[in-house]
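There are 2 protein chains.
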Amino acid sequence: MNKKIYILDSTLRDGSQGYGISFSLEDKIKICCCLDKLGVDYIEAGNPGSNPKDMEFFKLVKGIELKNSQIVAFGSTRRAGIKAEDDKSLKNLLEAETKMVVIFGKSWDFQVMHVLKTTLEENLNMISDSIRFLKGKGKEVIFDSEHFYDGYKSNKQYAVETLRVAKEAGASVLVLCDTNGGTLPNEILSITKDVHETLGDNIGIHCHNDAGMAVANSIQGVVAGVNHIQGTFIGIGERCGNANLSTIIPTLKFKLNYDVCIEEELSSLTTTARYISEVSNIPLNDDAPYVGSSAFAHKGGMHINAVEKVSNSYEHISPEQVGNKRRFLVSEVSGKTMILKEIQKVFPSMSKESEEVKIITEHLKKLEYEGYQFEGAEGTVELIMRKIIGKYEPFFKLNHFKIIGEQPSSNGNFSSTALINITVDGKTEMTAAEGDGPVNALDKALRKALDVFYPQLKNVRLVDYKVRVLDSESATNAKVRVLIESTDGIEKWTNVGVSRDIIEASWIALVDSIEYKLIKDIQRKVKTYF
Amino acid sequence: MNKKIYILDSTLRDGSQGYGISFSLEDKIKICCCLDKLGVDYIEAGNPGSNPKDMEFFKLVKGIELKNSQIVAFGSTRRAGIKAEDDKSLKNLLEAETKMVVIFGKSWDFQVMHVLKTTLEENLNMISDSIRFLKGKGKEVIFDSEHFYDGYKSNKQYAVETLRVAKEAGASVLVLCDTNGGTLPNEILSITKDVHETLGDNIGIHCHNDAGMAVANSIQGVVAGVNHIQGTFIGIGERCGNANLSTIIPTLKFKLNYDVCIEEELSSLTTTARYISEVSNIPLNDDAPYVGSSAFAHKGGMHINAVEKVSNSYEHISPEQVGNKRRFLVSEVSGKTMILKEIQKVFPSMSKESEEVKIITEHLKKLEYEGYQFEGAEGTVELIMRKIIGKYEPFFKLNHFKIIGEQPSSNGNFSSTALINITVDGKTEMTAAEGDGPVNALDKALRKALDVFYPQLKNVRLVDYKVRVLDSESATNAKVRVLIESTDGIEKWTNVGVSRDIIEASWIALVDSIEYKLIKDIQRKVKTYF
Numbered sequence: 000m001n002k003k004i005y006i007l008d009s010t011l012r013d014g015s016q017g018y019g020i021s022f023s024l025e026d027k028i029k030i031c032c033c034l035d036k037l038g039v040d041y042i043e044a045g046n047p048g049s050n051p052k053d054m055e056f057f058k059l060v061k062g063i064e065l066k067n068s069q070i071v072a073f074g075s076t077r078r079a080g081i082k083a084e085d086d087k088s089l090k091n092l093l094e095a096e097t098k099m100v101v102i103f104g105k106s107w108d109f110q111v112m113h114v115l116k117t118t119l120e121e122n123l124n125m126i127s128d129s130i131r132f133l134k135g136k137g138k139e140v141i142f143d144s145e146h147f148y149d150g151y152k153s154n155k156q157y158a159v160e161t162l163r164v165a166k167e168a169g170a171s172v173l174v175l176c177d178t179n180g181g182t183l184p185n186e187i188l189s190i191t192k193d194v195h196e197t198l199g200d201n202i203g204i205h206c207h208n209d210a211g212m213a214v215a216n217s218i219q220g221v222v223a224g225v226n227h228i229q230g231t232f233i234g235i236g237e238r239c240g241n242a243n244l245s246t247i248i249p250t251l252k253f254k255l256n257y258d259v260c261i262e263e264e265l266s267s268l269t270t271t272a273r274y275i276s277e278v279s280n281i282p283l284n285d286d287a288p289y290v291g292s293s294a295f296a297h298k299g300g301m302h303i304n305a306v307e308k309v310s311n312s313y314e315h316i317s318p319e320q321v322g323n324k325r326r327f328l329v330s331e332v333s334g335k336t337m338i339l340k341e342i343q344k345v346f347p348s349m350s351k352e353s354e355e356v357k358i359i360t361e362h363l364k365k366l367e368y369e370g371y372q373f374e375g376a377e378g379t380v381e382l383i384m385r386k387i388i389g390k391y392e393p394f395f396k397l398n399h400f401k402i403i404g405e406q407p408s409s410n411g412n413f414s415s416t417a418l419i420n421i422t423v424d425g426k427t428e429m430t431a432a433e434g435d436g437p438v439n440a441l442d443k444a445l446r447k448a449l450d451v452f453y454p455q456l457k458n459v460r461l462v463d464y465k466v467r468v469l470d471s472e473s474a475t476n477a478k479v480r481v482l483i484e485s486t487d488g489i490e491k492w493t494n495v496g497v498s499r500d501i502i503e504a505s506w507i508a509l510v511d512s513i514e515y516k517l518i519k520d521i522q523r524k525v526k527t528y529f
Numbered sequence: 000m001n002k003k004i005y006i007l008d009s010t011l012r013d014g015s016q017g018y019g020i021s022f023s024l025e026d027k028i029k030i031c032c033c034l035d036k037l038g039v040d041y042i043e044a045g046n047p048g049s050n051p052k053d054m055e056f057f058k059l060v061k062g063i064e065l066k067n068s069q070i071v072a073f074g075s076t077r078r079a080g081i082k083a084e085d086d087k088s089l090k091n092l093l094e095a096e097t098k099m100v101v102i103f104g105k106s107w108d109f110q111v112m113h114v115l116k117t118t119l120e121e122n123l124n125m126i127s128d129s130i131r132f133l134k135g136k137g138k139e140v141i142f143d144s145e146h147f148y149d150g151y152k153s154n155k156q157y158a159v160e161t162l163r164v165a166k167e168a169g170a171s172v173l174v175l176c177d178t179n180g181g182t183l184p185n186e187i188l189s190i191t192k193d194v195h196e197t198l199g200d201n202i203g204i205h206c207h208n209d210a211g212m213a214v215a216n217s218i219q220g221v222v223a224g225v226n227h228i229q230g231t232f233i234g235i236g237e238r239c240g241n242a243n244l245s246t247i248i249p250t251l252k253f254k255l256n257y258d259v260c261i262e263e264e265l266s267s268l269t270t271t272a273r274y275i276s277e278v279s280n281i282p283l284n285d286d287a288p289y290v291g292s293s294a295f296a297h298k299g300g301m302h303i304n305a306v307e308k309v310s311n312s313y314e315h316i317s318p319e320q321v322g323n324k325r326r327f328l329v330s331e332v333s334g335k336t337m338i339l340k341e342i343q344k345v346f347p348s349m350s351k352e353s354e355e356v357k358i359i360t361e362h363l364k365k366l367e368y369e370g371y372q373f374e375g376a377e378g379t380v381e382l383i384m385r386k387i388i389g390k391y392e393p394f395f396k397l398n399h400f401k402i403i404g405e406q407p408s409s410n411g412n413f414s415s416t417a418l419i420n421i422t423v424d425g426k427t428e429m430t431a432a433e434g435d436g437p438v439n440a441l442d443k444a445l446r447k448a449l450d451v452f453y454p455q456l457k458n459v460r461l462v463d464y465k466v467r468v469l470d471s472e473s474a475t476n477a478k479v480r481v482l483i484e485s486t487d488g489i490e491k492w493t494n495v496g497v498s499r500d501i502i503e504a505s506w507i508a509l510v511d512s513i514e515y516k517l518i519k520d521i522q523r524k525v526k527t528y529f
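Residue numbers (numbering that gives the first Met the number 0), protein chains in the order written: chain A, 0 to 529; chain B, 0 to 529.
No lab work stands behind these hints, which were simulated from the structure alone. Treat the hints loosely; a few may be bogus.
A pair counts as met if it fits within one copy or between any two copies, since identical chains are not told apart.
Simulated crosslink set (DSBU-like; lysine-lysine; CA at most 35 Å straight-line) [unchecked claim]: (1) LYS152 - LYS3; (2) LYS364 - LYS52; (3) LYS491 - LYS116; (4) LYS138 - LYS308.
When you get a sec, could you build the whole thing from the sequences and use the hints?
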């Protein structure tokens, strides 16, 4: 058996300190579920003591069954001069009702004296008391030693003493934090080694990226003997972000051969990173290691030739290992096998040689080039396949729609109205609807018109609507990608539309979502009757 | 004197291999001039043997006087089986007429045999002959040892032999390349140390970022004894990019105290990175170490308090050292002190007790509750303060606007049109414009109308447009937050609007962005005249 490295993902806690990050409860649940699937050991999901929204989440998450991950609440040691049982934030931590908690305490003498403004001794008591209190309540405790590396450089003896006290009080993991993110890899190695030799196993590391070294420093930690790494999945976090787990996990597995996450799930690493980026509404960098869309993209002709001869010419691992794809930027040639797999999900008899497979591949590639993204938009992908392979006939014909936005409108405020005219089986239907915004108005008007012909659409409702501005530098005339998630109460599906115009992009996704439902219903009937 | 580390910037050569990068001749000249000002030692500006555009550049650049940097041309060793003097690409290299050239050759036995498809011995001759040939023509030669680290791990003796041969032939610097970007920091350290001990000084390092460690690996190289680092200024390059010099340079200077670039110019590091990003048309990540706009941004209330007490609480260096700025993000978690600070930037005489401070705080909190987010939207925050404190009078009165979206329109496709009617100083102006989407149309129409009264708005353009759907579960009638970033060529500012209607949210942010500019202009005039 290879040595196990435990992963703690703090996307929902430290990650939420990042610029522009604000998770809804639903976002948080979605992220928990996908980290659980990958086999991340601990999900640090919030700070119930500092934030009422986080407390609400901990109540909600108790109803969710996770297979692999433990939800962990985060808090701090008690305040100076009071008893642990009187500390409000420790009480809040207990109310989160997680089996395991992380608490942070200070290890840098300078910070204790000048920020906490207390004595070095009282700080040791704060650490010890808080951990004993939590242990007494039956919790398992991880101790985050804030500013550990800076503290060690300032007063080695005291910094190590804070850890020793935490260990004696019952902390099961001692996590060395490079809180300011400025420590260099060789310093990390020698300091961590010293701690590991002094205090034994179950040391963790928590790095920030202020000098661009959070990933390398975490790996140096492992070289020095740590078996617990904290970070955020796509590296989001305050200032320059936290250690990026989507880089660290494959490095541990494929380069150092550690036991990390669930081995069979690592081929979904790219999808996971893209999904979390989508939910966080933080674009994933094209050049993100392992999971970025350019991570295995080759441009130079010479490089392309060499990679075709021997893939390790310009690839440090094989892209399939992390579920990514090789791309040749000059002549796109990859992906057919992957698309075939998708097609066979719906039409199992299709083979690689089928003409339809070629047509679908080319069509999807063209759409991707235009800004479509099919990860998570399985509704649209299936519809495209069905349209090309099946005998598809449109369910309605759009004759015309018109959207009017007016400020001030007759009621004095801004209002949006949509008019729509469609034909089904030779019968024409015209409707109008007002809505909160042009897309909502259009959605309402379209449904009103279609309900006449397809009463089963009454059960369909939109559950999510996301807008992503592509190439945002060209400002208000940038391309827009709209993702719409719908449900009929039985199934959920997602459709995507891209256009320079947000209304048109939304229209494409809206129509797609309705057609998907209607096609699915026919398929179900066919299955029932024959 | 501290030890000198030489910097070679390859933005124009290896950087141009990055996804989406394409430099014009003018772009290249601009980048050379700003790297020269900073004191970068070598600018690797192109591959004249592989690219006629690059050759053109080398002719042009001879007319430009650089103070600190040397322009360097890049090429490869001669092909197998021919004489160096007959090699076309070496001839092209000479035609670039630079004093110094970089040539790369292979150091990985496997690559020599399976990609070059020649013998190990002939490869040594190719390296030796090419360098001797170039030296004979009076050039100084830097030797880039491609795949050095992978080569060393595969066949240590041969890899080192390629370097020895290059040194004997007269190469002045031997550069160890981690071409595939997959080597780990501890491997880099031990291998580079070995080479340095075996071959002496003037060793360089060239790292790629495929495992997210290019910066750390370059620094490990320095720890092992190298005195020459290659990278690209903002990290652009093939796949996951090259070692990021805007991170490496301040690390060498401020953490390791090396002599690097021109010390007095390091406070323009942030401006340089942003300028190169602008010229390359590659957005600089907000969280880029040292130079990103969030690199010194603090969000958590506790962190803000601590940084105010002691700045090194959450800052590894002082932002002024690299010409960046500290920012406190106004958010749910920030308090009154923070808002007071923002107010005092504009109205220094305001105190905590002022009635206006209370009103502003309450107003901002109310807006935040409604879904506004002020992180990064300093434009809107300043405007709100000015409106509440100053004697604000609106610059125009909106009488009416109307937006029409139609499918199909007269041209058969979807089209968006905006009509607008405004009054300024009793004069009414009505305009109309078509656009890519309703917001773009509205933006155009509003500017057309206002240009008549405020010609200074001609210089203002939108540079970024972001849409975030809030509480997205309520789907198409969810709230929408729009962020708009504008510039007048001198300054950049961001404004925010929130509404259930994307058009209204965009309208709010648009009007804000224009009012901000007009108020700023008045303020500048006031400053000039009194």
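Results of checking the hints against the structure:
1. For a Cα distance limit of 35 Å, the shortest separation of LYS152 from LYS3 qualifies both inside one copy, at 29 Å, and across copies, at 26 Å.
2. Taking the shortest alpha-carbon separations for LYS364 and LYS52, only the inter-copy value of 16 Å comes in at or below 35 Å, while the best intra-copy value is 42 Å.
3. Taking the shortest alpha-carbon separations for LYS491 and LYS116, neither the intra-copy value of 54 Å nor the inter-copy value of 40 Å comes in at or below 35 Å.
4. Taking the shortest Cα distances, LYS138 and LYS308 sit within 35 Å of each other only across copies (34 Å), while inside one copy they are farther apart (56 Å).
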